[in-house]
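Asks: Take the sequence shown: its position 491, counted from the start at 1, is 490 in numbering that gives the first Met the number 0, and no numbers get skipped.
The hints are simulated quantities; they were obtained by calculation from the structure and are not laboratory data.
Just so it is clear, CB atoms sit at the ideal spot from N, CA and C, and this is done for glycine as well.
Honestly, I wouldn't trust all of these hints.
[Claimed, not checked] DSS-like mimics (lysine-lysine), calculated; alpha carbons at most 30 Å apart, straight line:
| # | residue 1 | residue 2 |
| --- | --- | --- |
| 1 | Lys113 | Lys126 |
| 2 | Lys55 | Lys17 |
| 3 | Lys76 | Lys159 |
| 4 | Lys165 | Lys17 |
| 5 | Lys241 | Lys55 |
| 6 | Lys165 | Lys98 |
| 7 | Lys213 | Lys165 |
| 8 | Lys225 | Lys113 |
| 9 | Lys502 | Lys411 |
| 10 | Lys213 | Lys122 |
| 11 | Lys243 | Lys79 |
| 12 | Lys17 | Lys79 |
| 13 | Lys243 | Lys17 |
| 14 | Lys248 | Lys55 |
| 15 | Lys225 | Lys122 |
| 16 | Lys79 | Lys213 |
| 17 | Lys98 | Lys122 |
| 18 | Lys76 | Lys164 |
| 19 | Lys225 | Lys164 |
| 20 | Lys55 | Lys243 |
| 21 | Lys213 | Lys98 |
| 22 | Lys243 | Lys59 |
| 23 | Lys98 | Lys164 |
| 24 | Lys126 | Lys116 |
| 25 | Lys98 | Lys116 |
| 26 | Lys248 | Lys76 |
| 27 | Lys312 | Lys126 |
| 28 | Lys98 | Lys225 |
| 29 | Lys241 | Lys79 |
| 30 | Lys98 | Lys113 |
[To be verified] So the derived label-pair ranges between C-beta atoms look like this:
| # | residue 1 | residue 2 | range |
| --- | --- | --- | --- |
| 31 | Leu219 | Arg22 | 26 to 32 Å |
| 32 | Thr495 | Glu49 | 54 to 60 Å |
| 33 | Ile489 | Ser158 | 52 to 58 Å |
| 34 | Ile382 | Glu444 | 28 to 34 Å |
| 35 | Lys387 | Gln190 | 57 to 63 Å |
| 36 | Gly191 | Glu42 | 21 to 27 Å |
| 37 | Gln13 | Lys312 | 33 to 39 Å |
| 38 | Asp119 | Gly426 | 40 to 46 Å |
| 39 | Gln18 | Thr77 | 20 to 26 Å |
| 40 | Lys213 | Asp170 | 19 to 25 Å |
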Amino acid sequence: MIFDSYANVVASHQMEFKQYYPRSSWHEHDADQIMESCDACIEKACAELEEQGWTKESVKVIGITNQRETTVLWSRKTGKPVSHAIVWDDTRVMGLVTKYENHARERGVPYEGKVHKGEDALKALRKLTGLPLSTYFSALKIRWMIDAWADPDEEKVASKWANVKKAYDADDLCFGTVESWIVYRLTGGAQGGVHVSDVTNASRTLLLNLRSLKWDPVLLEFFDLKENILPRLVSSSEVYGKIKYGALKGVEIAGLAGDQQAALVGNKCLRQGEAKCTYGTGAFLLFCTGEEIVESNAGLLSTVAYQNGPNSKPVYCLEGSIGVAGSGIHWLRDSMHLVPTAPHVNILAAEVADTGGVYFVTAMGGLFAPYWDSSATGMIIGISTATKPAHVVRAMLEANAFMTRAVAESMKVDSGVDLPQMKVDGGMTNGDMVMQVVADLAGCEIVRPEMRESTALGSALLAGSAVRLFGWDIARPETLHEVNTAGSAIFKPQTTKEYRDKKWAGWQRAVERSRGWVREDDE
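Can you make the complete structure from the sequences, with help from the hints?
Replies: In structure tokens, the structure reads:
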């Protein structure tokens with residue numbers, strides 16, 4: 000996406016790349032295919048720019064944003080991936096979560112001059128990283144990829160991942176999340192490519208000390224990982240290098256942020272107390288806490304929102320991560336064939352006034368915030384002979400609203416601040432029906448900007464701020480006052496508190512029934 004100084008989209012190109020699902024709950028990407036898609040999008044967007052009378056030299060700087068936690072491993076010598084990447088929502092490491100929880104309790108975790116054991120060890124890990132031990136984050140995915148060669152019960156799997164162990168033992172292995180991989184390739188790959196990761200993505204690995212913003216030796220020892228596989232840490236807004244080939248050869252890369260943090264910046268939620276929720280594949284509610292780390296006691300994550308330059312103090316946020324949002328709609332379309340296209344969910348859901356008592360707990364890969372239960376399962380409950388496809392589809396939409404409320408209420412517990420208003424973006428927000436359901440059941444005002452590509456815009460603002468393009472400066476939000484001002488749609492709750500609370504009580508009962516279903520010995 001190519002933006003002007005007002006955040007108008009001057010030119011753009013997008014394309015899908017292949018998703019790999021080798022078995023239930025496993026999700027992989029081919030990192031080379033990701034790069035091929037990026038290269039193609041750059042070329043096509045620049046061609047569209049030139050068709051409109053601009054030159055490609057008009058592009059002054061670029062930013063990159065990415066799905067976080069997705070784990071890419073490649074060879075330092077060849078610059079090529081040594082395996083498929085494991086995607087953020089893959090849950091194959093569930094057994095490792097249990098293993099390392101026990102490891103922490105029994106062997107202990109050093110923190111603030113003391114070795115903590117038992118449940119205090121898990122709390123110490125949480126204080127170091129801001130994160131719980133979960134299938135979600137990168138460190139356990141790295142550990143699985145290195146160790147998979149040794150599984151005696153999975154000969155086919157072991158042979159597929161053997162190259163990872165070989166590269167690791169030979170000190171030839173590089174790890175990065177997707178922004179790290181793209182920067183590396185754009186800046187030359189094996190021929191001098193820059194191996195960096197910004198602090199927003201690094202804060203999602205379970206390897207970064209949230210306070211020092213450095214790779215932590217305690218965490219590396221805990222997961223038994225070598226530091227030489229890790230990228231150099233950088234801020235979210237500085238010049239990292241120049242593109243070495245293609246239509247944008249010579250253009251500086253100067254903004255990096257994980258997708259949810261980029262959306263926070265793109266929505267200009269830069270001050271303490273401002274919040275946004277991105278409804279994409281999953282849904283992610285971020286609440287800016289300023290320069291203060293707010294430790295959650297209600298199931299949320301403490302994470303880096305952005306760092307405006309290498310010498311700037313980081314800004315932090317609380318985050319509630321919801322595993323299924325838009326992916327649930329794709330499931331209704333592709334697997335259940337209840338709708339022919341994703342937008343049809345709004346049409347079908349509108350055919351009924353309510354769900355007819357149906358609740359849909361969208362825990363296809365377990366429950367994320369604020370529940371953090373990897374043993375939970377997807378569940379539709381409340382079905383009767385009167386249940387129609389429209390009831391199920393509407394229940395899917397309501398699940399997003401209930402999960403949003405669960406996260407918002409946890410944020411109130413941790414911060415003491417209610418959320419009367421929330422900015423939204425992402426593909427799911429295109430449907431008025433979806434947004435009204437969220438407002439009605441979450442009980443807060445939803446503000447949807449006209450230009451909703453907030454994730455891409457956030458990375459552009461960070462890049463522009465690094466070189467003071469258009470006078471932008473993330474540290475001074477007033478310099479962005481002309482950015483993305485085309486207007487907003489506002490959805491206000493149209494339900495009573497009594498109705499919301501009754502529906503909420505039903506949701507909580509449904510969630511309890513979904514929890515603890517999946518066991519390690521389940522096939």
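Asks: Are the hints correct? Go through all of them and say.
Replies: Each hint tested on the structure:
1. Lys113 to Lys126: Given that 30 Å is the threshold and the Cα spacing comes to 13 Å, the pair holds.
2. Lys55 to Lys17: Answer holds: Lys55 to Lys17 is near 29 Å, not above 30 Å.
3. Lys76 to Lys159: With Cα atoms ~20 Å apart, Lys76 and Lys159 stay inside 30 Å; holds.
4. Lys165 to Lys17: holds, 27 Å
5. Lys241 to Lys55: holds, 15 Å
6. Lys165 to Lys98: holds, 24 Å
7. Lys213 to Lys165: Since the Cα atoms of Lys213 and Lys165 sit roughly 27 Å apart, the hinted pair holds (cutoff 30 Å).
8. Lys225 to Lys113: holds, 23 Å
9. Lys502 to Lys411: Since the Cα atoms of Lys502 and Lys411 sit roughly 20 Å apart, the hinted pair holds (cutoff 30 Å).
10. Lys213 to Lys122: holds, 19 Å
11. Lys243 to Lys79: holds, 17 Å
12. Lys17 to Lys79: Holds - the C-alpha atoms of Lys79 and Lys17 are around 18 Å apart, at most 30 Å.
13. Lys243 to Lys17: Judged against 30 Å, a Cα distance of about 26 Å means the pair holds.
14. Lys248 to Lys55: This hinted pair holds, its Cα atoms lying about 10 Å apart.
15. Lys225 to Lys122: holds, 24 Å
16. Lys79 to Lys213: holds, 27 Å
17. Lys98 to Lys122: Holds, at about 16 Å.
18. Lys76 to Lys164: holds, 15 Å
19. Lys225 to Lys164: Holds, at roughly 12 Å.
20. Lys55 to Lys243: holds, 15 Å
21. Lys213 to Lys98: Within the cut-off at roughly 25 Å; holds.
22. Lys243 to Lys59: holds, 15 Å
23. Lys98 to Lys164: holds, 20 Å
24. Lys126 to Lys116: OK: Lys126 and Lys116 at ~14 Å, within 30 Å.
25. Lys98 to Lys116: With Cα atoms ~15 Å apart, Lys98 and Lys116 stay inside 30 Å; holds.
26. Lys248 to Lys76: holds, 23 Å
27. Lys312 to Lys126: At roughly 19 Å apart (the allowed maximum being 30 Å), Lys126 and Lys312 satisfy the hint.
28. Lys98 to Lys225: Between Lys98 and Lys225 the Cα gap is close to 20 Å, so the pair holds against 30 Å.
29. Lys241 to Lys79: holds, 20 Å
30. Lys98 to Lys113: With Cα atoms ~22 Å apart, Lys98 and Lys113 stay inside 30 Å; holds.
31. Leu219 to Arg22: 26 to 32 Å: Check passed, 30 Å falls within 26 to 32 Å.
32. Thr495 to Glu49: 54 to 60 Å: holds, 55 Å
33. Ile489 to Ser158: 52 to 58 Å: Holds, since Ile489 and Ser158 (Cβ atoms, about 56 Å apart) stay within the stated range.
34. Ile382 to Glu444: 28 to 34 Å: holds, 33 Å
35. Lys387 to Gln190: 57 to 63 Å: holds, 59 Å
36. Gly191 to Glu42: 21 to 27 Å: Holds - the Cβ-Cβ distance for Gly191 and Glu42, about 22 Å, lies within 21 to 27 Å.
37. Gln13 to Lys312: 33 to 39 Å: Given range 33 to 39 Å: holds, Cβ gap about 35 Å.
38. Asp119 to Gly426: 40 to 46 Å: Given a distance of about 42 Å, which is inside 40 to 46 Å, the answer is holds.
39. Gln18 to Thr77: 20 to 26 Å: At roughly 25 Å between Cβ atoms, Thr77 and Gln18 fall inside 20 to 26 Å, so the hint holds.
40. Lys213 to Asp170: 19 to 25 Å: holds, 21 Å
In the structure shown, no violation is registered for any of the earlier numbered hints.
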